[in-house]
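S.K.: The primary structure of each chain is shown beneath.
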Amino acid sequence: MKRAASGSLPRRIAYGTMALFLVLGVLLAAAEFALHRQYADVSNEMDDAIARLNLLQDTERSFQESVSYLRGYAAYGREDLRERTVAAHEDYDRLFANLRGAYDEESGSASAVDGLTELNGNFNTYSTRALELIAAGNDPAVNELARSKGSALVGQMETEFAALVDMQRSRIVEQSERSRELARIVLIVPALILAAALAAALLLIRYLRKAFIQPVMQAEQAVAGIERGEIVTLDGSSRGDEIGRLLGGIGRMADGIRNRQLELENNLLQMEEQREELEAQNDELEAQNEQILQQRSQLEGALGRLTRREAQLEAINAYQRSLVGSTELNDFLHQAIEQLIVVTGCDAAMLVMRSDRLTQTPTTGWSADDLRESGAEESAAAAFRARFGEERYDMLYSSGYPASSAASFGGEPSGPALQAIRINRSVTRRRPVSGAEAGAHGAYETAVDTYYPVYDGDGEERPAGFLMLTTYGGLSAAEGEEELAEGMVRQFIGALFAQLTQAERQRQRRELEQKSRELEQEKQNLRNQRDATQKVIDSIHEALVVCSPDGEILLCNRITAELLDPALRPGTNFIGMMEELRGTLGLPDDAGERLRDALNAEAGDLRARYAFEPPGRPARYFEVYVQRIEDVVWGSVKLFVFRDRTKEEETNRLRDEFVSVVSHELRTPLASILGFSEIMLNRSVKPEKAQKYISTIHGEATRLSGLIGDFLDLQRIEAGKQSYRMLPLDLKPLTEDVAAQWDGRAGHAVRLTLPEGVCAVRSDGDRLKQVLHNLLSNAVKYSPGKDVVDCVLRPEDGRWVVEVRDYGLGIPEDAKPKMFGKFYRVDNSDRRQIGGTGLGLAIVKEMIEDLGGEISFDSVLGEGSTFRFALPALDLPAVDEAVLVLEDDASLGRLITEAFREDGLRTALFPEAEAALLALSRAPADKPPVLCVVDLSLAGELSGWDFIRKLTEEGERSRLPIVISSALDPPAGYAEAEQEKYLRKPFTVKELLELGRRLIERPPARTALALAVPDGSLARASLETHGLDIRQVEANSEFAIAEIGPEDEGGPV
Amino acid sequence: MSSGKILIAEDEMVLRFLISETLEEEGFDIDEAEDGKLAMDNLRYNEYDLIILDYMMPEATGIEVCEWLRAEAGANSQKPVILLTAKAEEKDRQRAMQAGVSMFISKPFSPVELAESVRRLAAGGQP
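So the protein lines, in turn, are chains A and B.
Residue numbers for the first sequence follow the UniProt record's numbering, so the first one is 1 and each next one is one higher.
Residue numbers for the second sequence follow the UniProt record's numbering, so the first one is 1 and each next one is one higher.
These are calculated hints, taken from the structure and not from any lab test.
Fair warning: there could be bad hints in the mix.
Unchecked claim - Non-contacting residues of chain B with respect to chain A, defined by C-beta distances greater than 10 Å in every case (computed):
no.	residue
1	K5
2	D29
3	I30
4	E32
5	M40
6	N42
7	M56
8	W68
9	R95
What the hints assert, rightly or not - Now the stretches of chain A that chain B is said to cover, found in silico as 3 or more residues with beta-carbon under 8 Å:
no.	stretch
10	669-676
11	679-687
A virtual CB, placed ideally from N, CA and C, is assigned to each residue, including glycine.
Could you build all of it, start to finish, from the sequences and the hints given here?
M.R.: Take a look at the structure:
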C-alpha cells in the first residue's frame, strides 16, 4: 500500500471534519458571548432601575407619612403624634439620603434629584419650624406657616416625586424593550448556526459517499461474489488511493482464489475416486469383522456356559456330597440346604415338616390323590385337618429369611404350600417382598417362592411337609434351571428321608441304649432292692424258710442256720432235713409229720409252739408260723417262720415262778393272820396263848406289809417314779442305826467297823437305810446258823463304801449273773425255807444306781458273800475359824463370802443347813467358826431356825455369834405397827460385814443373834415363835441383838 | 386219849405253829417237819394217822413226799395226805391227785375247817 503525501486517508478526513466544526463552534461562541454581555447589562440596568423605583416609592410614602403625622400633630397637638412625626421624618431623611446616594451613583442621572434635594432642604426647615411652632402652641403661626409655605412645598415635593417615578418607569420600560430584543437575537443565532452545521454535514456526507462508501460497497460485492465462487474483476487502477489499492488487491485475490479452486476441484475429483475404492474395501472388512465378533460371542457364550456349568457341577457335586456327608440331622439340614441354595441359585430356603414326622407311621390306604380331589383351598385345608387332625407343622430349618418371618411359621400349611402338597407338584408364587425381607434383601421388590411338597417316601402316601425356595428380584429361573432345581430338590428330599430314617434309626438306637441303661439301672435297683430285702430278711431274728409244695427249700435267711441248722439250705428238702435233724435239735417225735401236714394243709395260716429239747443242752422254745404265699415266680409256696421264744419262755417261767413265790410269800403270812384270828374268834383262848397269837399276827402282818412295800417299791422304780430327796448326810450314824436294828436278830451279831469323822455324802437317807436293811437282811437270812455279820464303812478313791459280809451259803457261780435280776432267787433247797420275794437285790441295785452309786458283790459258795455299795463322798468346806455362810442363793452367797474374804477372813458357804451342820461337826472343838451368817430359808429340809436351834443344843458350840441375814416375818398374831413394816428388810452385805466384824471383835458370852429388826419386842416375839430361849434383847435403830440359849449353859465371860 | 397222830411238814414256822395249835386243841398228837426230807424221815420211822404236807418245801415238795410215801409201801403208805397249796400251785393239782394226795387245802385256810377235815379223814372218812 502506498502512502499519500498529506497523510493517510482517515487522518485527513478527521482533520477536515475537526476544522470545520471548530470554525463553527468559535463563531457560535463569539455570538453567544456578545449576546450574553448585552443581556447582562440590560438586566443589571433593569435591576437598578427597579431598585431605584422602589426606593423612590418608599421615600415618597415616607414623606407622605411624615407630612401626615405633622398635620396630625398640628391638628391635635398630641405629644405622641409629635414623636411619630419626628420618627417618620427621620425615616424619611434616611430614605432620602439613600435615594440621593442611589442617584449619585448613576452619573448620568444625578441631576434628576437636584430639585428634589432642594425642596427637601426646605421641607426640613419647614418641618422643624412647624414642629417648634406646634410645640409652642402657636397655632396661628403654624397655620400661617402651613399656608405660607407648607402646602406649596408639599405639593411641589409630591409633584417632584411623581415626576421622578414616571421617569424611572419609563426607563424600566425602555430597558425591558431592549432585553426583549436581545432575547430574540439569542433565539436566532443558534438557529443560524444549526443550519450552517447541517449544511456542512450534508456536504461532508456527500463527499464521504462519493469517496469511500461506493468503492467499499463495490469491494464488498466483489468479496461476496468471490465467496459465492463467482469470477470477479475489479480494477483499482482508476484510483491511486487506498481504496484503489484495496480494490486492486481484492481483484488479485479473486484471481488467486479462482486458480486455487480449480486446482482443488481437480484434487477433489481424484480423492473421490480413491474414496470410493476405500469404501468398497471397508465394507468387506466390516463384514469380516462382524463375522469374527459373532464367532467370538459364540465362543464366549460357550465358555460362559461351560464355566457356569462347571461351577454348577461343582456346586452340585458339593451339594450331593453334603447330602450324604452328615450324620446328625441338624448338620445335614444346615449343609444340604445351604448347598441347595447355592445349587438352585435361590436366595432363601425353608423346610417345614410335620412335627410328628419322626414318630408317626404313615396312614395306610391313603394317597395324595385324596387331597388332590378336594377342590377349593379351604375345603382342602378342612380335608387336610379331617384327614390328619390338628397336626402341627414346624419349621425344621430356615435360611436366608429374616428371623421374624422365619419364626412366624407354625401350624398347618396353607396357601401355595397347601396347594403344592395337595397337587404334589411344585408351586411357584410371585409376591411382593415383605418389610423385613426388604431389609435383608435390599433393592428387590418381588420375591418368587417355589414350594416343593415333601411326601413320605413310601409311595407318596402322606404329606410330610414342604420345602420352600425363594428367589429375590423376581427373576424366574432360567429355562432348564427349573428342572435342575426340581432334580436337586428331589435329591434333597430323598436324602432328607434317608437322613430322617437314619436319624430315626439313631434315635431308636439311642432309645434302645437308654432303655438298656434304664434296664441296667432297673436291674441294679432290683439287685439293690433284693440285697436290701435280703439284708432285712437276714436281720430278722426269726428263721424264715420258704418251701415249695414238695418241701424243697426255695429261700431261707441267715438266721435259719444259726437258729435251726446250717444244713438247711435252698435246694434241700425241708421236711426231710428236719426229720434227719430231729435228734440233734431235740424235736418232738411227731415234728416231721406235723411239718408235712402244715406243708400240705390247704388252709392259709397255721401256728404252733415247739419245745426243742436236745439232749445235753438247754431246751429252746419256738413258735412256728406257716403261711401260704402266692408268688408269681414260685407259685403257691409255704413260708415257715421259726420264732425263738426261749427268752420269752424263760421270762414267763421266771414270772410264773415269781407269781408262785409271791403267792406263797403272801399267802403264808395271810394264812397265819387269818388262822390265828379265826382261832381267837372261834375258841376261848388262854390269855398267854392269846398274847402269843396276837404277836404272831402282828409279826406276820408286818411281814406282809414289808412284802407289799417291796412290790410297790419295785413297781415305782420300774416306772421311774421313785423320787429321791438328795441331802447332805453322814453315812456313819445311818449305818450305825441300821446295823443296830439287825444286831442280835436271828442270832447274828452285826460287827461294825467305822472310820473316824464324818462320812458325808449327798444322798437320800431313807433309801440308803432301805438298801442297808435289804443287804443286812440277806446277810442274816443266807447265813443260817452263823452268828456274825460284818458291816464295814470305809473310804475308797473319794467314795464311801459300805460293805456287808456274811459267812453263809454263798452264791453258786451260775447264779451270779442273775443276782440283781428281778424275780430271781437261787433255787436251792437250803434256800427254800428262806423267805424272800427275789426282789430285794433288784430294788437295791436300782436304788443305788439312781443315787449315783455303784453296787457289787463277791461270793464263794459255802463261804459267804460280800455285798457292797459305793457313793461319791461329799466335799465339805472347812469351817475352822471361818465365817460360816448359810445362803441358798448362790450369787448372794458369793457376794457375802467375797465381802468377808476381802476383810481377811476365811469363809465357808453352804446352801443347806444339813451340810453346814456336818461341816460343824467335823470342825475341831477348839477352832469353831468365828461367825455364822444365816439365811432363814435354805435349800435343804432344815431351815435357818432349825440350824440355830441345833447350834444352841450343842453346848460349847452354842457360843457363836450369828447374824440372820434375811428379813424376819413377824410372828403370827404379832400386832405390827404400820411404821414397823418398812423396818423389816434384810441386812445389806455392807451391814452384814460391819455387824459381823463387830461381833467377831467382841464375841458375846452366849450365842448371840443379830437380827435386822430395830425393835426389841418384835425380835423377841420372832425368836420366841421359833422356840428359842431368849435371855436378853438389845435393840438399836438398825438391828437387835438377842442372847439365847439355856440359862445354865451361858456363863459370863 | 389221843385223837390220833399227825405229821405236819411245813417250812413256815408260823404255819406249823398255827396248824399244831389248831390240831392239838382237837386232841391230836403232832409231829413237825421243817422240810420234805425231814418229813420223809419222820414217815420212815413213825406211823401217823394223817399227814399234812406243804406243797412248797425245801428239799422235797409235798408231792414228792407223797409220791415217795405211796410208793414206799410202809405203814404210812395208805394214810390220808392233805396237801397245803397256794393258789399258784393249783395247776399241779392233777399231779398231786396222781401222787395220791387225799385232799387239798388252799392257803389261806380256815383252822376250823382244817380241823374238821383232819378229824374226818383221820377217822377214815372220805375227803
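S.K.: Look at each hint and say if it fits the structure.
M.R.: Against the structure, the hints come out as follows:
With a cut of 10 Å on Cβ distances, B/K5 stays outside the contact zone with chain A, its closest approach being about 21 Å. The claim that B/D29 lies off the interface holds: its Cβ sits roughly 19 Å from the closest Cβ of chain A, which is beyond the 10 Å cut-off. At roughly 15 Å, the least C-beta separation between B/I30 and chain A is larger than 10 Å, which holds for a residue marked as non-interface. Remark: the non-interface label on B/E32 is consistent with the geometry, its nearest Cβ contact in chain A lying 13 Å away (cut-off 10 Å).
The Cβ of B/M40 lies farther than 10 Å from every Cβ of chain A, with a closest approach of about 13 Å, so its non-interface assignment holds. Every beta carbon of chain A lies more than 10 Å from that of B/N42, the smallest distance being close to 16 Å; the non-interface claim holds. With 10 Å as the threshold on Cβ separation, the claim that B/M56 sits away from chain A is violated: the shortest Cβ distance comes to roughly 5 Å. The Cβ of B/W68 lies farther than 10 Å from every Cβ of chain A, with a closest approach of about 15 Å, so its non-interface assignment holds.
Consistency note on B/R95: stated as away from chain A, and its beta-carbon is indeed over 10 Å from all of that chain's, at 14 Å minimum. Chain B is given as covering the stretch 669-676 of chain A, and this holds because 8 residues of the stretch bring a CB closer than 8 Å to a CB of that chain, at least three being needed. Under a criterion of three residues with beta carbons nearer than 8 Å to beta carbons of chain B, the stated coverage of the stretch 679-687 of chain A is upheld, 3 such residues being counted.
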